[in-house]
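Trainee: The lines below spell out each chain.
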Amino acid sequence: MYDRKLATRAGRNLEALRAEKPLIHNITNYVAMNYTANALLASGASPVMTFAHEEVEEMVSLAAALALNIGTLTPYSYESMLKAGKRANALNLPVVLDPVGSGSTRHRTESAKRLMQELSIDVIRGNASEVLSLAAEASKTKGVDAIHSADEAADAGIVLARNSNTTLVITGEVDLVTDGQRILYVHNGHGLMGTVTGTGCTAAALIAAFMAVDPDAVMASATGLAYFGLAGEHAADRASAPGGFQIAMLDALYTMDSGLLVEGAKIQS
Amino acid sequence: MYDRKLATRAGRNLEALRAEKPLIHNITNYVAMNYTANALLASGASPVMTFAHEEVEEMVSLAAALALNIGTLTPYSYESMLKAGKRANALNLPVVLDPVGSGSTRHRTESAKRLMQELSIDVIRGNASEVLSLAAEASKTKGVDAIHSADEAADAGIVLARNSNTTLVITGEVDLVTDGQRILYVHNGHGLMGTVTGTGCTAAALIAAFMAVDPDAVMASATGLAYFGLAGEHAADRASAPGGFQIAMLDALYTMDSGLLVEGAKIQS
Amino acid sequence: MYDRKLATRAGRNLEALRAEKPLIHNITNYVAMNYTANALLASGASPVMTFAHEEVEEMVSLAAALALNIGTLTPYSYESMLKAGKRANALNLPVVLDPVGSGSTRHRTESAKRLMQELSIDVIRGNASEVLSLAAEASKTKGVDAIHSADEAADAGIVLARNSNTTLVITGEVDLVTDGQRILYVHNGHGLMGTVTGTGCTAAALIAAFMAVDPDAVMASATGLAYFGLAGEHAADRASAPGGFQIAMLDALYTMDSGLLVEGAKIQS
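Chains as they are written, first to last, in the working numbering: chain A, 9 to 277; chain B, 9 to 277; chain C, 9 to 277.
The shape of chain A in the complex, shown without the other chains (with noise of 0.2 Å):
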């Protein structure tokens, strides 16, 4: 049922990752800012979370990709993606976006859409009713939480990768990748990893880093998700409770190695 090629190249992926470090800019929430750091740092990236005008640009152009997350969004951080974005797509770098509660407020949805609209995305992660809100005014999310299955939003999220160019990641309890041609699963997870706040914005950094020694982005999103997936799964095996598991996380992600990975990947063609 999984593709052994595709756990294949997750575990070289992780591998690249270690060897190479990249610098990962995030332009991402208060709440979550702590824990991705501590996330990429702990997978082996090099992160850096700056919003300021004066430098996203300079450094951004020395970063191996950008992560922009809406969570905590104001004008202020709005125009600190959109320069940093501007530059990064200059300089064809990858740009991950995580619509962070999309669908829940108009601020939300419009600003996700005005960056889809300005920059050049490679691909965004969201939960089902996230990524619908992107597609359609119709959902209404619950806070940032999930309303509607992974399998109910696949059909719109393709459609809405197809026509916006670009590569969706609806993560659930089963992840979907699509550019709109083609589709992948992620099995990798677990139930805990919804106890812990940051976790999806943790996610998208980390498709970012993934990116950075992948330019294939649905085979990095793919095999990013495996690696974070597993690490839930490793980190549950230790941890019953959202603290400790939390914790369990962050070692799980150091402690994976490439061979592992491979053996745990559960990426779905």
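Among the hints, erroneous ones may be present.
Same chains, same names: a pair is fine if it fits in one copy or spans any two.
What the hints assert, rightly or not - Pairs of lysine-lysine, DSSO-like flavour, derived with a Cα cap of 30 Å:
no.	residue 1	residue 2
1	K121	K91
2	K274	K13
3	K29	K94
4	K121	K94
Note that these hints are calculated values from the structure, not bench results.
Once you have looked at the hints, place chains B and C on chain A.
Mentor: Then chains B and C, alone, in the frame of chain A:
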């Protein structure tokens, strides 16, 4: 000594929280933001932390309660609190205020007082020196640490609660809850809670979560504090230093069930 | 090889910190804010993190030391640092600067240099590349990671310390502390400290806390770093990956007593 009916109410409120998963809108400080979000998630609530002027009114209208915290207040976030608070008042949603550090600088004392004037606030939670600063100009807090005992502050608190038509929560070794008529004391808690930053802020957010399921502010505050304090006691069974304790508290919030809470709640009427 | 008198001084400083619980005013970055506050609390200090223009001058006048950190600098927080720093200077309070990422972007290098010109700064703590960037335009850091060894930077550091009339701390495998006349080396620490975000920022804040009890900047810096590094060594006895290690460090800062510190401090004069 402890009130059995109130302990039962604590257990019922926790069950309601787990069943309803209310969205709690937090406008809080940058230090406690992550821990507060994780504690709310571990407790069963659905946290959202946003202060963007473009969306706070829409976001709070999706929420079941609003928690305000002036720990790292700026003119921008003060305005966010006013906007969200006025909408919450219009919608009859519970509003909780944590006047962090009130009494230490004029800015904090005056900002807390202005929020009390501009908004209808259901619960104010602070340590004794913070609450005393709202009652009079006399006290000066040493940073955000308490310099008065809950006992010393009780009388001033009762008068302040009556005059400002709100419920006051003064946390300390024993917590005091009063609306100026009724007085409850909560004896749960552990000294290690004072060694972790943001536990007070998190207590206030949990009170907001309990108000989402129990409209009586005195009852919601006392039962929420009993839950939080008992989680601290359970955490202290497993950890004896601040790092492990901070993680064990999240675990205890998550693993606590209504039976344990009814058994362990120490609310005195 | 290690200086016994300096180890004794480290122990005495830790005891003074626990006895006096000095208020440390931090204007720091959003990523490290929570961890720094928890580390200061675990150590015995009283942290406050505020950058509001309305109160930074009043707050710093209540504090025993000021710690500045440009990790997520904005025009607003730069102004906060100037205001607080000038008041601290007028009150003869110790001021510590952490020039995070100086050398990586012009904005950071210039902001750090301007703070050095506008304020009298007692201690500057950075890795070798950050400190070198303040001495010359030559170096480019790779994000916030060190690209030069402490050895390579020592000579430039000594000259910079002398010219700018400050104490320089260059952290790395071995930490260097110099005021341009005296040089101390601190051999405490563990490689896992580099896998947790904000440990460098926290080291700078702890130096500020030690300066609150020991006015000699070279002594306060070296003894503070020995304490922090030894906590890292103790943490590494209990945890072998970044998640558990980050928590174990807070525990080690808390459980360390002056006897353990005197025994374990590795300060070389």
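Trainee: Against each hint, give a clear statement of whether it holds in the structure.
Mentor: Hints and how they fare:
Taking the shortest alpha-carbon separations for K121 and K91, both the intra-copy value of 16 Å and the inter-copy value of 25 Å come in at or below 30 Å. Within a single copy, K274 and K13 get their C-alpha atoms as close as 11 Å, which meets the 30 Å cut-off; across copies the closest is 51 Å, which misses it. In this homomeric assembly, K29 and K94 come within 30 Å of each other (Cα to Cα) only inside a single copy, at 24 Å, whereas the closest approach across copies is 39 Å. Taking the shortest alpha-carbon separations for K121 and K94, both the intra-copy value of 15 Å and the inter-copy value of 29 Å come in at or below 30 Å.
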